[in-house]
Amino acid sequence: MLYQLEGSQSIAKAVALCRPGVICAYPITPQTHIVEGIGELVRSNELLNCEFINVESEMAALSVAIGSQATGVRSYTATSSQGLLYMLEAVYNVSGLELPIVMTLGNRAVGAPINIWNDHSDAMSARDSGWIMLFAETNQEALDLHIQAFKIAETIKCPVMVCVDGFILTHAYDQVDIPSQKEVDEFLPPYSPHISLSIDSPIAIGTMVSPEYFMEVRYLAHKRRIESLKIIEGIGDAFKQKFKRDSGGLVREYNIKNAETVVITMGSVAGTIKDLIDELNSIGEKIGLLSIISYRPFPTDAIVNSLKNTKRIIVLEKAFAVGIGGILFQEIELAFKQTDIEVFSVVAGLGGRNITKPMLKEYFLKKNIEEITFLGLKEDIITQEYKPIKLHGHEGGK
Amino acid sequence: MSSATLGNKSTGKATVQSDHNRPNTLTSGHRACQGCGEALGARCAVDAAYRATNGKIMVVNATGCLEVFSCAFPENSWGIPWLHSLFGNAPAVATGVAAALHRQNREDIRVIAQGGDGSTFDIGMGCLSGMFERNDDVLYICYDNQAYMNTGVQRSGATPPLARTATTLPHRSYLGNDPQTGKDIPKIAMAHGIPYVATASIANIPDLEEKVSKAINIRGSKYLHVHVPCPLGWGYPTSDTIKVARLAIQCGLFPLFEAENAKIVSSTIIDNLVPVQDYLILQKRFAHLFGKNGPSETVEVIQSIANANIEKYGLNGGIINE
Amino acid sequence: MNKPFATVLGASTSLSNKTGSWRTMCPNFANKLPPCNATCPAGENIQLWLSLAKEEQFHEAWKVMTQSNPFPAIMGRVCYYTCEKACNREQFDGAVNINLIEKSIGDIAIANHWKFENVSPNSGKKVLIVGAGPSGLSAAYFLKMLGHDVTIFENHIKPGGMMRYGIPRYRLSNSIINAEIKRIEDLGVQIICNKRVSNILNEIKGFDATYISIGACLATPVDLETKESPDIVNAIDLFKELEDGKNRPSYLEKKVIIYGGGNTAIDAARTALRLGAKNVKIIYRRGINNMPAHEVEIKEALTEGIEILCLRTINSINSDNILVDKMNYDEKLDVLSKSGETETIYADSVIFAIGQSVDISVLQEVKSIEISEKGTIKVDKNMMTGEKGIFAGGDAILGKRTVTNAIGHAKKAAKCIDAYLRGVEFVPNIKNKVINFKKLNTAYFPKDNRITVSRMPDLSFDERDVSYSDQKIIVESARCFSCGNCFHCDNCYAYCPDNAIIKHSDGSLEINYDYCKGCGMCAAECPCGAIEMISDDSKV
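Residue numbers (the working numbering), protein chains in the order written: chain A, 1195 to 1592; chain B, 27 to 348; chain C, -3 to 536.
Hints may be right or wrong, so weigh each one.
[What the hints assert, rightly or not] Below are the SDA-like pairs computed for lysine to any residue, each with C-alpha atoms no more than 20 Å apart in a straight line:
(1) C:K443 - B:N298
(2) C:K(-1) - A:S1390
(3) B:K269 - C:T438
(4) B:K269 - C:Y440
(5) B:K213 - B:A288
(6) C:K59 - C:G184
(7) C:K121 - C:L183
(8) C:K14 - B:C59
(9) B:K82 - A:S1390
(10) A:K1572 - A:N1548
(11) C:K322 - C:L307
(12) A:K1417 - C:A2
(13) B:K269 - C:K443
(14) C:K295 - C:G283
(15) C:K(-1) - A:S1395
(16) C:K(-1) - A:R1419
(17) C:K328 - C:R282
(18) B:K82 - C:G6
(19) C:K374 - C:L394
(20) C:K434 - B:N298
(21) C:K443 - B:V300
(22) C:K236 - C:T216
(23) C:K14 - B:A98
(24) A:K1351 - C:P0
(25) A:K1376 - A:K1438
(26) C:K251 - C:N314
No wet-lab data here; the hints were simulated from the structure.
All of these numbers come straight from a predicted model, not from anything done at the bench.
Isolated chain A, as found in the complex (with noise of 0.2 Å):
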């Protein structure tokens, strides 16, 4: 049925479709209207038998959904930003007790300075910790990718975070479709814990594991992500079936077919590429978009797949690791290490700076591209600011 909503309450909606039995959030921008509108839910009874659990911290969020989803309850929670990062320490505890908790990211930079806004920097913070990380381009992937990531983290035994565009999917209305309950429930059935505390079976979870078999654990892990890669892929392909909507999968084509120049990139930019790309293709540019929806697992093997036909491409994300550049654009690069393949990098959008078509057609235009770009970067105040730092002479180096 479909509605015009807030990309927020959308979300909430696919989270209650999916009844969790406990939620439990904090409060930070942009993540609040989630879990208003799940709160509102679960008080006017919309969302029955769910616990509805304020806390004081993020840290305390995710533990709680720590101690609901090892005691056999489907269990939700939200954040954003400082707030990942304040819960990373338990982030990776979930993972690494295969705990198929769900959460939703509201992207959002990381300060200080301190800054509201969209980009990518706090994903990038948890990309090694084990989870699975989808990024949704639009409000309504948004809704199918939450419906999606609890069968995904309860088929793989693994915990899931739902990447969203902070402002420009949380807070922008748009016209989704939404399932019914009744189909959602034939979708997902109800959770059928691999671990849980019994006290009737008691076990104990979350041991100390020693050098002798650390690596071992680690490498099971590893090796059960990469292996997920094709249950995610057939999930998105069950969930097409069932609602009729291509949403999910690891990776999405935009016009590659003839590209010589494929554009990558993650969550809601696509929408203002696409729109570029079609106005560059019209006029002749074969340039064409690959929107990496898992991020992690990263799909290596779909993305070069895809692209082998490709001359260059084009890395743009909204992160960068201080001191080296693009984040996603060196696992590309990477990827296609064995081709000719050039792998150039856009960083762009950083602290929600806009990404503008004219921006980016000027870029895509160019004849001669930097290996790294900041796109839109203010270079009078970049001349105006830095000062090169002045060696007294014993610093290091000769």
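Given chain A, work out where chains B and C should sit, using these hints.
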């Protein structure tokens, strides 16, 4: 303090710990040091809860000595459902367990969160306060050995004044841990208005068991603070754990009391009051307070803390002034 | 449940980790000897019978008492309870009133007509005992229990020896003596009274062994100048006269002097008082603190109005005035000397209580039996005299002359005689180490004063009825620290941080060395010191 032995037949009050069929929720083979007060305290407390609930308990454990020595792959010493997540989040995890049990209509299964003083006083304080403030249905047990023992005896918010730890070494004008530091967690717990707060000691197991049995079946948040001496960190022979715990009570430094709904309702009268010196002198962590010429005047600082406790908690049989 | 590798474990898997390998010291249940038992001349297992008494198992307690002493009711009255002096609780809040519990249970036994049980099968051997005093009667009892036939020859007209003829009736009534002796007779022991043995060799034919327990019945002669003496009598003769004579002696109705400082002196003084003496004085050569008499007896004598004149010896007795030398006594060097000062004391009669000696005439034909310088019969470590098959004990041999000691001799002699009759060597039990107060953990014992029962002063010959009620027996018995002997308090079991003490369903405890890390908490918290820590490699 009661001087009854644990299988005391004459008082007709046999303890869970003296029962040949006791649960042994924390079983043999754990890796606690010789004479570990915490291992004993945890077994006593969890056994008592197990008995009081007919085995219907789940335990969430914070990181720390107890967690490390009781559950290192492939050896788990627990005979009850047990969950360890992190150092600072045990109360929140326990909230989650309780929420899940509520969801499953299994509130007959009772939840315990437990940890050392580091996780309780310091790193987990935020989560603990949140759990109390929401009055989540969890019994939180702090096994207090007054420093970070697992990492090698560093100062915690529970370290007593003037005690030596690896990070409060006595040196020239420094006499161990700074006086006027630390916090009173039972009082902080009480300030949340939760239904039950109590202190207990491994030197008084009948009292400890009684408090656990009472607390575990109360709905809402409960806090139990158990004094568990550590031979390694405090520097006394492994055989003296109970003796040290007993003297802590008898000198007034560790008052035993119970509070309900933010009000102290009872305290255990000391029937054989001793000077704090008797307690301190057994422990190397206070050795710098005792020179060749006997105790320094700083011992008086500690004695005044004990005196204040005796007064406040009516440990001499007087009225409770709290 | 398909558990993830390593991060999730099943219950209690740590049992595979045998932490006993960490141990350097090792706990060991080593029941120690309580000091009461160690000092009891009869070797009573006091701690054991107290533990039964506190559970109200009086009959069982009595059976344990009578394994070492056939006269609980008598001993409860006349024993000087070295056990109570040794009792570790004395250093805490007062010794356990062992003596009074023994008396009370002994009286219950008489009232209930409890009999000795479990007599060994008859060995076919016959033993002759000379003297039916405490040692002879006890030896008869022990030997009979061991299966031997026993006959006792007794010089006096009644059996009992010093119990009857050396102890005044206000301390021990005849009914008690008779009841406890009858119990022995009921076993089939034959007591032939009024039979004086003049030459032992004439009597021992037909017997496989002999036990000489003739006591020390002769008053030690006094070397004194006496002119026109007032009535002078030996204490021992006085008692015999009182017991066997037809009339009460009338010569003690005025001023009486008793010469001596032992229990007999006190007994004589108090007897004189009861016979109507107006003024009774005891003259003793050393200080009051040096008197061999039991302090309670001295105290009671003083309460009754008896005067004790210390540091004095009688120089001479002239009619009714007695010349007394005042003495100096150096306690450290134990040197007694005349001070040169004298005084005169008036008295109508003098009772000598300065010692008794053994009538060795019975043995004079047996050359192989040696007599000591002190006139006592010499025995070897197995209580046997120089003559094979003839044993001796009680006051007749060297040692403390108390009823308890006499019983202790009898107990040992009976074991030796039994070994002799069976042709085996007597092997004494190895005694455990005695446990002292410091080895106890008194934190588990609330202070709880001993239950005293007040005695009303009374100058009759009737025995004063001082006894515990059943309830008081229980409460006072429960004060026993159970020194060195596990009393199943379960502290070790409850306190072991490693669950390395196993408690069986019957309450018995066992150390599980698989897991014991050797911390020593069990030993430290054992209230009674029944657990010791030993080096791990010395563990058997």
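Evaluation of the provided hints:
no., hint, in the structure
1, C:K443 - B:N298, "holds (10 Å)"
2, C:K(-1) - A:S1390, "holds (10 Å)"
3, B:K269 - C:T438, "holds (11 Å)"
4, B:K269 - C:Y440, "holds (11 Å)"
5, B:K213 - B:A288, "holds (8 Å)"
6, C:K59 - C:G184, "holds (19 Å)"
7, C:K121 - C:L183, "holds (16 Å)"
8, C:K14 - B:C59, "holds (14 Å)"
9, B:K82 - A:S1390, "holds (15 Å)"
10, A:K1572 - A:N1548, "holds (13 Å)"
11, C:K322 - C:L307, "holds (6 Å)"
12, A:K1417 - C:A2, "holds (16 Å)"
13, B:K269 - C:K443, "holds (18 Å)"
14, C:K295 - C:G283, "holds (14 Å)"
15, C:K(-1) - A:S1395, "holds (12 Å)"
16, C:K(-1) - A:R1419, "holds (17 Å)"
17, C:K328 - C:R282, "holds (12 Å)"
18, B:K82 - C:G6, "holds (17 Å)"
19, C:K374 - C:L394, "holds (7 Å)"
20, C:K434 - B:N298, "holds (18 Å)"
21, C:K443 - B:V300, "holds (16 Å)"
22, C:K236 - C:T216, "holds (16 Å)"
23, C:K14 - B:A98, "holds (14 Å)"
24, A:K1351 - C:P0, "holds (10 Å)"
25, A:K1376 - A:K1438, "holds (15 Å)"
26, C:K251 - C:N314, "holds (15 Å)"
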